[in-house]
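Heads up: the sequence shown begins at 1 in my numbering, then just goes up one per residue.
Mixed in with the good hints there might be a few duds.
[To be verified] Computed beta-carbon distance windows for the label pairs:
(1) Pro-40 to Leu-76: 29 to 35 Å
(2) Leu-94 to Ala-33: 37 to 43 Å
(3) Leu-31 to Gly-90: 18 to 24 Å
(4) Glu-48 to Leu-76: 31 to 37 Å
(5) Pro-40 to Ser-77: 25 to 31 Å
(6) Glu-63 to Asp-39: 27 to 33 Å
[Stated by the list, open to error] Keeping only pairs whose Cα atoms sit at most 20 Å apart, straight-line, the calculated SDA-like set for lysine to any residue is:
(7) Lys-34 to Pro-24
(8) Lys-34 to Glu-48
(9) Lys-34 to Val-22
(10) Lys-34 to Val-46
(11) Lys-34 to Ala-68
(12) Lys-34 to Leu-61
(13) Lys-34 to Arg-18
(14) Lys-34 to Phe-19
(15) Lys-34 to Leu-47
(16) Lys-34 to His-15
(17) Lys-34 to Ile-17
(18) Lys-34 to Met-59
(19) Lys-34 to Ile-50
In short, the hints are calculated from the structure, not lab data.
We put the CB at the ideal spot given by N, CA and C, even for glycine.
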Amino acid sequence: MEPTVTILPLFDESHGIRFNAVSPGPVDTPLYAKLGIEDPAVQAAVLEGISAGIPLGRMGLPEEVAEAVVYLASDLSAFAVGQDLILDGGQTVL
Numbered sequence: 001m002e003p004t005v006t007i008l009p010l011f012d013e014s015h016g017i018r019f020n021a022v023s024p025g026p027v028d029t030p031l032y033a034k035l036g037i038e039d040p041a042v043q044a045a046v047l048e049g050i051s052a053g054i055p056l057g058r059m060g061l062p063e064e065v066a067e068a069v070v071y072l073a074s075d076l077s078a079f080a081v082g083q084d085l086i087l088d089g090g091q092t093v094l
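Using the sequences plus the hints, can you model the full thing?
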């Protein structure tokens with residue numbers, strides 16, 4: 001998605017529209033309960049394994065993603081254009 005976010009600002013800058021994106025990594029949502037793993041211990045081990053691969057040692061929270069979206073939609077980010085805000089607890093730097 002990054003190339004699209006980089007090019008889009010060229011099309012509508014005259015209208016004051018800013019294009020940015022949020023790219024979350026693993027986020028702790030009910031989706032992970034639908035993996036088809038019936039054994040709670042195995043499901044917990046899978047989630048621990050995912051968390052172990054994240055430098056912060058945990059999955060993101062839905063609220064953290066929502067706060068990033070609110071920030072990009074607000075005037076606080078008025079100078080941010082064509083950005084892809086990666087929220088992955090540091091996975092992409094590994």
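Results of checking the hints against the structure:
1. One distance hint, 29 to 35 Å for the beta-carbon pair Pro-40 and Leu-76, is violated here, with the actual separation near 41 Å.
2. As the Cβ distance of Leu-94 to Ala-33 is approximately 27 Å, the hint placing it in 37 to 43 Å is violated.
3. With their beta carbons about 21 Å apart, Leu-31 and Gly-90 fall inside the hinted range of 18 to 24 Å.
4. The supplied range of 31 to 37 Å is met by Glu-48 and Leu-76, whose beta-carbon atoms lie about 35 Å from each other.
5. Restraint check, Pro-40 to Ser-77: a C-beta distance of roughly 40 Å breaks the suggested window 25 to 31 Å.
6. Range check, Glu-63 to Asp-39: about 29 Å between beta-carbon atoms, so the 27 to 33 Å window is met.
7. Taking the CA atoms of Lys-34 and Pro-24, the gap is near 19 Å; set against the 20 Å cutoff, the hint holds.
8. Between Lys-34 and Glu-48 the alpha-carbon distance is near 16 Å, which keeps this suggested pair within the 20 Å criterion.
9. In summary, the hint linking Lys-34 to Val-22 is not supported, as the alpha carbons are separated by about 24 Å, beyond the 20 Å threshold.
10. Restraint check: the Cα-Cα separation between Lys-34 and Val-46 comes to about 12 Å, which is no more than 20 Å; the hinted pair holds.
11. The hinted pair formed by Lys-34 and Ala-68 fails the criterion: a straight-line CA distance of about 26 Å is larger than 20 Å.
12. The hinted pair formed by Lys-34 and Leu-61 meets the criterion: a straight-line CA distance of about 17 Å does not exceed 20 Å.
13. Of the supplied pair hints, the one linking Lys-34 and Arg-18 is violated, its CA atoms being roughly 35 Å apart against a limit of 20 Å.
14. Between Lys-34 and Phe-19 the CA atoms are separated by roughly 33 Å; this puts the pair beyond 20 Å, and the hint is violated.
15. Note on Lys-34 and Leu-47: the hinted pairing holds, with a Cα-Cα distance of about 12 Å set against a maximum of 20 Å.
16. At most 20 Å may separate the alpha-carbon atoms for a hinted pair to count; Lys-34 and His-15 exceed this at roughly 42 Å.
17. For the suggested pair Lys-34 and Ile-17, the alpha carbons sit about 37 Å apart, so the restraint of at most 20 Å is broken.
18. For the suggested pair Lys-34 and Met-59, the alpha carbons sit about 16 Å apart, so the restraint of at most 20 Å is met.
19. Of the pairs offered as hints, the one joining Lys-34 and Ile-50 holds, with about 15 Å between alpha carbons and a cut-off of 20 Å not exceeded.
Hint compliance for this structure: hints 1, 2, 5, 9, 11, 13, 14, 16, 17 are broken, all remaining hints hold.
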